[in-house]
Amino acid sequence: MKPGTRLKSAACDTEVMVIRCADGQIECGGAPMGEAKPAEAAPLAADFSAGTLMGKRYVDADGKYELLCVKPGKGSLSVDSVALVVKDAKPLPASD
Amino acid sequence: MPTEPQAGNAGPRGPAIPLARWASRQLDALARETGSAGLAALDGPTLLGERGSNGGYVINGKVSAGLGGSRLLPTRDGRWFALTIIREVDRELLPALFGEPDLDIRDADAIAAAVLRHDADELLERGRSLGLPVACSDERPKAGAVEIMTRGAARQRPAGHKALVVDLSAIWSGPLIGHLLWQTGMDVVKVESPTRPDLIRRDDPATFDLINQGKANVLIDLADARQKAELVALIRRADIVIESSRPRALRHLGIDADVLVREVPGLVWLSVTGHGATGEPANWVGIGNDCAVAGGLSRALVEITGEIGFVGDAIADPLTGIIGAREALRAYRSGEAQRIGLSMSAIVATALAEERAFDPGLLEAELRAWGEATGKRFPCIPRRALLAEVRQPGADTRRYFPHLAPC
Numbered sequence: 001m002k003p004g005t006r007l008k009s010a011a012c013d014t015e016v017m018v019i020r021c022a023d024g025q026i027e028c029g030g031a032p033m034g035e036a037k038p039a040e041a042a043p044l045a046a047d048f049s050a051g052t053l054m055g056k057r058y059v060d061a062d063g064k065y066e067l068l069c070v071k072p073g074k075g076s077l078s079v080d081s082v083a084l085v086v087k088d089a090k091p092l093p094a095s096d
Numbered sequence: 001m002p003t004e005p006q007a008g009n010a011g012p013r014g015p016a017i018p019l020a021r022w023a024s025r026q027l028d029a030l031a032r033e034t035g036s037a038g039l040a041a042l043d044g045p046t047l048l049g050e051r052g053s054n055g056g057y058v059i060n061g062k063v064s065a066g067l068g069g070s071r072l073l074p075t076r077d078g079r080w081f082a083l084t085i086i087r088e089v090d091r092e093l094l095p096a097l098f099g100e101p102d103l104d105i106r107d108a109d110a111i112a113a114a115v116l117r118h119d120a121d122e123l124l125e126r127g128r129s130l131g132l133p134v135a136c137s138d139e140r141p142k143a144g145a146v147e148i149m150t151r152g153a154a155r156q157r158p159a160g161h162k163a164l165v166v167d168l169s170a171i172w173s174g175p176l177i178g179h180l181l182w183q184t185g186m187d188v189v190k191v192e193s194p195t196r197p198d199l200i201r202r203d204d205p206a207t208f209d210l211i212n213q214g215k216a217n218v219l220i221d222l223a224d225a226r227q228k229a230e231l232v233a234l235i236r237r238a239d240i241v242i243e244s245s246r247p248r249a250l251r252h253l254g255i256d257a258d259v260l261v262r263e264v265p266g267l268v269w270l271s272v273t274g275h276g277a278t279g280e281p282a283n284w285v286g287i288g289n290d291c292a293v294a295g296g297l298s299r300a301l302v303e304i305t306g307e308i309g310f311v312g313d314a315i316a317d318p319l320t321g322i323i324g325a326r327e328a329l330r331a332y333r334s335g336e337a338q339r340i341g342l343s344m345s346a347i348v349a350t351a352l353a354e355e356r357a358f359d360p361g362l363l364e365a366e367l368r369a370w371g372e373a374t375g376k377r378f379p380c381i382p383r384r385a386l387l388a389e390v391r392q393p394g395a396d397t398r399r400y401f402p403h404l405a406p407c
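The listed protein sequences derive, respectively, from chains R and A.
All the letters of the first sequence, read from the start, carry residue numbers 1 to 96 under the working numbering.
All the letters of the second sequence, read from the start, carry residue numbers 1 to 407 under the working numbering.
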């Protein structure tokens, strides 16, 4: 897995772009994400069904993982079953 | 032309900014349509050049003037890619842009070398997915310059009605629309968030003051349901709204522009965007210099001079300010509620095409002179005197929202 990889949820419509990652399993809706969509959808785990928001950046507590949501869905993101949280957006400083 | 040296900025002045005459013609027409003395006193060279003149900007070729956050870089397939980095957090996206985890994101040469390892279309697609302001010199804007997105009922206004403008925008183009409307005598309320203020006030106070003078200023925390409800109530009383958020940002806040335009007779809602307010381009980020590249202005320069470069200073911003004001005033006079999407890159493309049709020889001469002026300072624009007070953040919150407890 490298930065710039686009991953799809097996459980919902979510798609993310990998900004930063390590060796853990990236999941959405409780199911592993992959570059291709599986033929059969995975069930949406109740614990990981808060949804993703387009354009939001999601991070883990250690700063090892960062994912950008490029397509929203009903699942929520996790790494090795630990939920990721939304990173605060920064306003634009000036026009350039 | 004044040639007095300024500390740190000594050097000859460059030529007129191409498209400034086009901007003057739009302003002249608008001043005639409205009979506004304030608009008649303005011209294209002033609105396009005052920031660069006041700031002592230098014409910098492949690096944008001023902050220098935009660069034109060659790609593997022999095209030109404009990459803009104005927030440090955006650097964190560069490994993903190039698919290169070990890229030194602080090193401009390493970034340029990475651009050269990729094709332009790939960088454009991935950059736009990542929310970076990126452009290619040979792309064509997808949206129209001005698109009517939603229409609503008309409103008859009594003679002498004083229009209320709610300006939710930030930076340059949106606030300039508000400034031009203020010049015609409208009341303009600038809305800022205590957590996301308009950073131009801090970063470029001279420009901030010029384009926000005379506007009332209110602070509204959109995370607070009561304050947001008060703002929506103000919008329902307004004649014109100016907003430059990406559509999903508005949706996340729970403000539905289309519903408001359908429900409030006569409400004119301007959505200022980089590349279009509907469909896929609505998700793309665009600001002044990269949108000028996407609008074909750097391509026009290289076709004439053989050298690519940025033309003007974030020129898509002031051009969009002028066209936005024109469209707002026309819609307001029609009385019909409408939501109008403005595409900064398509506005540059339109201005360029119209100027080329108007006087191709003169445009060519101006582009040639601009290209030859690399290293010179921006043309000198007499500093405009302020005509009104610049209100402090939140100075008018209580006046407009008497029911909100003081924060």
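Read the hints as simulated data drawn from the structure, not as lab findings.
Just to be clear, a hint being listed does not mean it is correct.
To be verified - Over the 12 Å line for every Cβ pair with chain R, so calculated as not near, a few chain A residues:
#1 P74
#2 P95
#3 E100
#4 A110
#5 E122
#6 S129
#7 S137
#8 T195
#9 A249
#10 G361
#11 C380
#12 R399
Unchecked claim - For lysine to aspartate or glutamate, the following EDC-like pairs were computed, each having C-alpha atoms within a straight-line distance of at most 20 Å:
#13 R:K64 <-> A:E100
#14 R:K2 <-> A:E125
#15 R:K8 <-> A:E125
C-beta: ideal position from N, C-alpha, C; glycine also.
Status of each hint after checking the structure:
Every CB of chain R is more than 12 Å from the CB of P74 of chain A (nearest about 20 Å), matching its label as outside the interface. With a cut of 12 Å on Cβ distances, P95 of chain A falls inside the contact zone with chain R, its closest approach being about 4 Å. Against the 12 Å criterion, E100 of chain A falls within the reach of chain R, whose nearest CB is about 7 Å from its own CB. No beta-carbon of chain R is positioned within 12 Å of the beta-carbon of A110 of chain A; the least distance is around 15 Å.
At the 12 Å boundary, the C-beta of E122 of chain A falls inside the reach of chain R, the nearest C-beta of that chain being 10 Å off. Once the 12 Å rule is applied to beta carbons, S129 of chain A is inconsistent with being away from chain R; the minimum gap is 5 Å. Remark: the non-interface label on S137 of chain A is consistent with the geometry, its nearest Cβ contact in chain R lying 17 Å away (cut-off 12 Å). Taking the minimum C-beta to C-beta distance to chain R, about 9 Å, the non-interface status of T195 of chain A is violated against the 12 Å cut.
A beta-carbon of chain R comes within 12 Å of the beta-carbon of A249 of chain A; the shortest separation is about 8 Å. No beta-carbon of chain R is positioned within 12 Å of the beta-carbon of G361 of chain A; the least distance is around 31 Å. Its beta-carbon lying about 21 Å from the closest one in chain R, C380 of chain A satisfies the requirement of being farther than 12 Å from that chain. Against the 12 Å criterion, R399 of chain A stays outside the reach of chain R, whose nearest CB is about 25 Å from its own CB.
Proximity of K64 of chain R to E100 of chain A is assessed by CA-CA distance (about 16 Å); at most 20 Å being required, the pair is judged to hold. Between K2 of chain R and E125 of chain A the CA atoms are separated by roughly 17 Å; this keeps the pair inside 20 Å, and the hint holds. For a cut-off of 20 Å, the pair hint linking K8 of chain R to E125 of chain A stands: about 17 Å separates their Cα positions.
Hints 2, 3, 5, 6, 8 and 9 from the earlier list are contradicted by this structure; the remaining hints agree with it.
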